[in-house]
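Chains as they are written, first to last, in this note's numbering: chain A, 1 to 163; chain B, 1 to 558.
Be aware that one or more of the hints could be misleading.
What the hints assert, rightly or not - Computed footprint of chain A on chain B; a stretch qualifies when at least three of its residues, placed anywhere within it, have a C-beta under 8 angstroms from a C-beta of chain A:
{"id": "1", "stretch": "118-126"}
{"id": "2", "stretch": "420-427"}
Said to hold, decoys possible - In silico lysine-lysine, BS3-like type, Cα no more than 25 angstroms apart, as pairs:
{"id": "3", "chain 1": "B", "residue 1": "K230", "chain 2": "B", "residue 2": "K507"}
{"id": "4", "chain 1": "B", "residue 1": "K399", "chain 2": "B", "residue 2": "K310"}
{"id": "5", "chain 1": "B", "residue 1": "K230", "chain 2": "A", "residue 2": "K56"}
{"id": "6", "chain 1": "A", "residue 1": "K101", "chain 2": "A", "residue 2": "K66"}
{"id": "7", "chain 1": "A", "residue 1": "K66", "chain 2": "B", "residue 2": "K313"}
{"id": "8", "chain 1": "B", "residue 1": "K230", "chain 2": "A", "residue 2": "K6"}
{"id": "9", "chain 1": "A", "residue 1": "K121", "chain 2": "A", "residue 2": "K88"}
{"id": "10", "chain 1": "B", "residue 1": "K313", "chain 2": "A", "residue 2": "K6"}
Claimed, not checked - Calculated Cβ distances over 12 angstroms to all of chain B for the following chain A residues:
{"id": "11", "residue": "V40"}
{"id": "12", "residue": "D58"}
{"id": "13", "residue": "L69"}
{"id": "14", "residue": "L72"}
{"id": "15", "residue": "I98"}
{"id": "16", "residue": "D150"}
Simulated from the structure, these hints should not be mistaken for laboratory data. Owing to the predicted nature of the structure, the values given are computational and were not obtained by experimental measurement. Virtual Cβ for every residue (Gly too), placed ideally from N, Cα, C.
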Amino acid sequence: MKSEVKEHVISMLVNNRPGVLARVAGVFGRLGYNIESLCVAETISSKVSRITSVSKADPAFTEKVKKQLNRLVDVISVAELEDDTSAKREMMLIGITIDEKNRPELSRAITMFGCTVISMKDSYCILQVVGNRGDVETVLNFLTPLGVKDIARTGAVALESGA
Amino acid sequence: MERTGAEILLNTLSEEGVSEIFGYPGASTLAIHDCINETGIRHLLVRHEQAAAHAADGYARATGKVGVCIATSGPGATNLVTGIATAYMDSTPMIALTGQVTTGLLGSDAFQETDIIGITMPITKHSFLVQDVRDMASTVREAINIATSGRPGPVVIDLPRDVLAARCNDDEEGGGGFLEQQEIHFGEEELRRLKQIARLLNESERPVLLVGGGVKLSQAFTELADVIQKGNIPFVTTMMGIGSVYTPNGFNLGLIGTHGTDLANRIVHQSDFILAVGARFSDRTTSVIEEFAPLATIAQIDVDPTSIGKNIKTDISVVSDIRVALQELLGLVTEKKREDWIDRIDRERERIAKEGSDDGCGPAGECIRMVQECMPEKTIAVTDVGLNQIWAIRSWKVKIPRGLITPGGLGTMGFSVPASMGARIGAIDHEVVVFTGDGGFFMNIQELATIGFYNIPVKIVVFNNGNLGMIRQIQHHFYNSRYRDSRLSDLVDITEIAKGFGIPSEKVAAEDPRKGIEKLCGSEGPFLLEVVVDENNYVYPIIPPGKSNVEMIYGRSE
Ligand SMILES: Cc1ncc(C[n+]2csc(CCOP(=O)(O)OP(=O)(O)O)c2C)c(N)n1
Chain A
1 MKSEVKEHVI
11 SMLVNNRPGV
21 LARVAGVFGR
31 LGYNIESLCV
41 AETISSKVSR
51 ITSVSKADPA
61 FTEKVKKQLN
71 RLVDVISVAE
81 LEDDTSAKRE
91 MMLIGITIDE
101 KNRPELSRAI
111 TMFGCTVISM
121 KDSYCILQVV
131 GNRGDVETVL
141 NFLTPLGVKD
151 IARTGAVALE
161 SGA
Chain B
1 MERTGAEILL
11 NTLSEEGVSE
21 IFGYPGASTL
31 AIHDCINETG
41 IRHLLVRHEQ
51 AAAHAADGYA
61 RATGKVGVCI
71 ATSGPGATNL
81 VTGIATAYMD
91 STPMIALTGQ
101 VTTGLLGSDA
111 FQETDIIGIT
121 MPITKHSFLV
131 QDVRDMASTV
141 REAINIATSG
151 RPGPVVIDLP
161 RDVLAARCND
171 DEEGGGGFLE
181 QQEIHFGEEE
191 LRRLKQIARL
201 LNESERPVLL
211 VGGGVKLSQA
221 FTELADVIQK
231 GNIPFVTTMM
241 GIGSVYTPNG
251 FNLGLIGTHG
261 TDLANRIVHQ
271 SDFILAVGAR
281 FSDRTTSVIE
291 EFAPLATIAQ
301 IDVDPTSIGK
311 NIKTDISVVS
321 DIRVALQELL
331 GLVTEKKRED
341 WIDRIDRERE
351 RIAKEGSDDG
361 CGPAGECIRM
371 VQECMPEKTI
381 AVTDVGLNQI
391 WAIRSWKVKI
401 PRGLITPGGL
411 GTMGFSVPAS
421 MGARIGAIDH
431 EVVVFTGDGG
441 FFMNIQELAT
451 IGFYNIPVKI
461 VVFNNGNLGM
471 IRQIQHHFYN
481 SRYRDSRLSD
491 LVDITEIAKG
501 FGIPSEKVAA
511 EDPRKGIEKL
521 CGSEGPFLLE
531 VVVDENNYVY
541 PIIPPGKSNV
551 EMIYGRSE
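My request is simple: use the sequences and hints to build the entire structure.
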């Protein structure tokens, strides 16, 4: 059973109204599924939001979640995004303190991984990394021994790209 | 024209065909009660908000129209919850109006504030908080549309006090925000699948139709009867499917599942093809799912995609309005005699009749048959929960659409008396009879006051066994007859209580009820008949937990 668990990306369009996220999240919770990451924002229409969620789950997940989500009046469409027919990105912000010891390694990493320094106060800097999940995790793994203080990540945002 | 939010609310409800509301006032809903009579809608004051919800539910189940209830903010709203959940489980179209604190106080734990939308989220089809009086009319229309379309269900409209009081000109009203309800489309794909189902059905030798509550909800009574007659297809019903179809010629094998008949469960077990129509294969229907109808190919028609394949693996399915699908199916079904199958069923029926294994409703069942005999054919029966429910379902022969109302999904004790009020008010031309146990009767006993006050002529039969009968039966069979916490006693004089509420009443023994039943049926107004039943009269056959539908228990073990 365990081996069948895989990552599922669900992308839905919903009405941009109060309470909609609670209804959507309720569906996952009631079916006993955890949401690993969640991203919500307006689309080109201000009346419609896109919700992108990632869950690790068994094969029954997609059918169950899709059917229950489609029952919600505020859900306009639901689709599972597959790796080969969609583009997926996430962003991570990494807070790290610079000191004499880690400075050379850090600047090497910034160049090597193409990170952007988006804030630098005293010796505390925040780096921005964008990529697929593997990319951002590689950067994080590299930087962790250099003294990462905090991170924030968006989780996946994704769009269908066509076959 | 300038109107208040409360006026717009009521006028819109009225325009949408609502003529009765069941409810109970409080400070935050007074603006509504203040003008309700002027709008032509009749308000019926119940004695507990739970009863308002059940009454609205009963009204909807008896008429097919949306039922409406109202309660004030806070405790009034939370008292509706059991009734809303009951309606949700059985897909009743219902609108629950709740008062709310003024918008400025939302979220401040103000006096009598509860987040009723949050509380009811898992038990409503949808809900609205009206924050702007200009959205009132469109919200009400949208709510009714949602409650009644597709798979129906309850919708809560939460109404802050200031929005009800706010004034608004007709031309300021927003028409907007109307959500497109996904039309259930019957297209080529659906037709292709239906043809496949029809082919399997036509080829099958031992088919059975499994009729669920969805048939009633989509008003497909005649369509279903036509398919049954044309194809000579025997049918069984789920608890919610009872009262969907009446055929005089023995095709009805009865209720299936935990409390089903020996005949229905055995025939389903032998069938080679099952077509489920508006049924979700709940655990009450299938018992042990792996052992359900082991020889059958299973097909399913339902309006709600979530019902398909939810509990059982179906071989083929169509998502469609049931009425539309059955209309199409009628053209595709071939006329077939199925003599072998019908013979086999008849033989099984004779055997069961001889062994008496489906006669397990005892004197109470006989009593119910006698009540039905002396009531007009159009009478609607409303059941509570427990032994009384199974006795009634098994003994009352439903002859009209919507002829039996029962809280099948949630199994809510206390449902029957308030639901019967709603049914009687809604279905004006129909008599209404209630069958309840003493336990369930006590749970909404205060509604006798409502019945007396409005002189609602419902006939109430209370089977008094001094116990929570069904619990006692379970304890007898599966807890070694340790009857813990299931004895209610016979200290309460139910007939005196009824009389205290102004309702005429008689007491009879289940073995000799004739005189009482004649009075019950002959009474002009409401009447309560207390029928004393032996505490050891249970219902048989029943299926023990964890057993399949054909491993029934047929009687008491001493
Ligand atoms: C509100 C509620 N509480 C508890 C139950 C559990 N329950 C199911 S049947 C039953 C016994 C019902 O007793 P009674 O109303 O006297 O009817 P009888 O079985 O004796 O006909 C109980 C307690 C329930 N269904 N509903």
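Against the structure, the hints:
Under the rule that three or more residues need a Cβ within less than 8 angstroms of chain A, the assignment of the stretch 118-126 of chain B holds, with 5 such residues. Given as covered by chain A, the stretch 420-427 of chain B fails the check, having 0 residues with a CB less than 8 angstroms from a CB of that chain where 3 are the minimum. Our distance criterion of 25 angstroms between C-alpha atoms is broken by K230/B and K507/B, whose separation comes to about 47 angstroms. For the hint pairing K399/B with K310/B, the CA-to-CA distance comes to about 31 angstroms; that exceeds 25 angstroms, so the pair is violated.
For the hint linking K230/B to K56/A, the alpha-carbon distance of about 50 angstroms lies beyond 25 angstroms, and the restraint is violated. Taking the CA atoms of K101/A and K66/A, the gap is about 51 angstroms. The hint is violated against a cut of 25 angstroms. Distance hint between K66/A and K313/B is fulfilled; the C-alpha atoms sit about 17 angstroms from each other, no more than 25 angstroms. Restraint check for K230/B and K6/A: the C-alpha separation of about 49 angstroms exceeds 25 angstroms, so the hint is violated.
A hinted pair counts as satisfied when its Cα atoms are at most 25 angstroms apart, and K121/A with K88/A does not qualify at roughly 32 angstroms. Proximity of K313/B to K6/A is assessed by CA-CA distance (about 23 angstroms); at most 25 angstroms being required, the pair is judged to hold. Against chain B, the non-interface label of V40/A holds: every CB pair exceeds 12 angstroms, the least being about 18 angstroms. Non-interface call for D58/A relative to chain B: holds, since the shortest CB-CB distance, roughly 16 angstroms, exceeds 12 angstroms.
The non-interface label for L69/A is inconsistent with chain B: the shortest C-beta to C-beta separation is roughly 10 angstroms, within 12 angstroms. Taking the minimum C-beta to C-beta distance to chain B, about 8 angstroms, the non-interface status of L72/A is violated against the 12 angstroms cut. Look at I98/A: its CB is around 43 angstroms from the nearest CB on chain B, clear of 12 angstroms, so calling it non-interface holds up. At the 12 angstroms boundary, the C-beta of D150/A stays outside the reach of chain B, the nearest C-beta of that chain being 30 angstroms off.
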